[in-house]
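J.: Under this note's numbering, think of the first position of the sequence shown as -18, with each following residue one higher.
No lab work stands behind these hints: they were computed from the structure. Computed from a predicted structure; not experimentally measured. Among the hints, erroneous ones may be present.
As the list claims (entries may be wrong) - For lysine-lysine, the following DSS-like pairs were computed, each having C-alpha atoms within a straight-line distance of at most 27 Å:
1. Lys(-8) / Lys14
2. Lys200 / Lys132
3. Lys(-8) / Lys17
Unchecked claim - Computed Cβ-Cβ distance ranges for the label pairs, DEER-style:
4. Glu174 / Ser19: 37 to 43 Å
5. Arg9 / Val136: 38 to 44 Å
6. Ser(-15) / Tyr205: 28 to 34 Å
7. Ala216 / Glu102: 45 to 51 Å
8. Arg37 / Gly182: 39 to 45 Å
9. Asp180 / Ala82: 24 to 30 Å
10. Arg61 / Thr137: 20 to 26 Å
11. Val126 / Glu27: 32 to 38 Å
By construction, the Cβ of each residue, glycine as well, lies at the ideal position given by its N, Cα and C atoms.
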Amino acid sequence: MPRSEICEPAKAFEFISERCAIFRNASRACFEKHMKNSTVVTAYDEGELILSPSDRASDRGIGIIRTGSASVYSGDSSRRVLMRFLSVGGIYGVAALFAAAAPPTRIVAGGDCTVLKLPREAVRAMLHEDAALLDSYLEFMSGRVLFLNRKIACVTGGSAERRLAVHLLSLSDGLPRESDGSVRITLASNYTELSHLIDVGRASLYRALDSLEASGAIKRGSGYDMTVFPALLEAMLDA
């Protein structure tokens, strides 16, 4: 069963301002004012549900993986698809802050997973008061809209390389970047499932992987581990 405890606002701010770009320029004073006695850290055992579409609106807010990892699935109960993983610093709930409907995703805890949770109303109050945080939030949301438009264009008429690039960018979204701009990811499905997910044949998928690796946009590791360079993938999509 999930176990929650209050987290001191100063400690929460130190973690979130370092790990999450949205909060990097946020006001510490504003954060501590609105998060007093309302910021919690919840510990989950492996397999426990962190978020689902059936959660009450009052329970929704922003969550940041503090330790461990989590898996993000589509919320469709008839056909659940593993979409991506969240590691330390991975964030969820940002796009749904002002939405009436629940996000159509299910998030399941990996081993030894703890989540820093910021209440929805407190974050919304901060956005009304902290101009720097609002700018970062709008920048993030604008980026999401542009990315989704690009994803729609690639999925409906893009090459295998472009479809794969969009998928890899989705997996790298929100993960910490190395000093060279790279992001380490793990594919959320095997190659057969991935080919179905991006709607290309397996042979086309392997050619796309070879092409992206030859261009320097990705480096394949062992198994389904991979290092991707988001800037190069985005440049390829914009070409």
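J.: Assuming the hint says 20 to 26 Å, is it satisfied by the Cβ distance from Arg61 to Thr137 or not?
T.: At roughly 24 Å between Cβ atoms, Thr137 and Arg61 fall inside 20 to 26 Å, so the hint holds.
J.: Starting from the hint 38 to 44 Å, judge whether the C-beta atoms of Arg9 and Val136 obey it.
T.: At roughly 41 Å between Cβ atoms, Val136 and Arg9 fall inside 38 to 44 Å, so the hint holds.
J.: For a C-alpha distance cap of 27 Å, please report whether Lys200 and Lys132 respect it.
T.: 22 Å, holds
J.: Given the hint of 39 to 45 Å, is the C-beta distance from Arg37 to Gly182 inside that range or not?
T.: 43 Å, holds
J.: Tell me if the beta carbons of Ala216 and Glu102 are separated by a distance inside 45 to 51 Å.
T.: Taking Cβ atoms as reference, Ala216 and Glu102 lie about 39 Å apart, which means the hint is violated.
J.: With 32 to 38 Å as the target window, see if Val126 and Glu27 comply at their CB atoms.
T.: 34 Å, holds
J.: Within a Cα-Cα threshold of 27 Å, do Lys(-8) and Lys17 meet the stated pairing?
T.: With Cα atoms ~11 Å apart, Lys(-8) and Lys17 stay inside 27 Å; holds.
J.: Holds or violated: the 37 to 43 Å window for the beta-carbon distance between Glu174 and Ser19?
T.: 40 Å, holds
J.: Please test the hint of 28 to 34 Å on the beta carbon pair from Ser(-15) and Tyr205.
T.: Between Ser(-15) and Tyr205, where Cβ atoms are some 33 Å apart, the hint holds.
J.: Just to be sure I understand the hint, the distance between the Cβ atoms of Asp180 and Ala82 should be within 24 to 30 Å; is that true here?
T.: For Asp180 and Ala82 the Cβ distance comes to about 26 Å; the hint holds.
J.: Do the alpha carbons of Lys(-8) and Lys14 lie within 27 Å of each other, as the hint requires?
T.: 13 Å, holds
Against the hints set out earlier in the document, a violation occurs for number 7 only.
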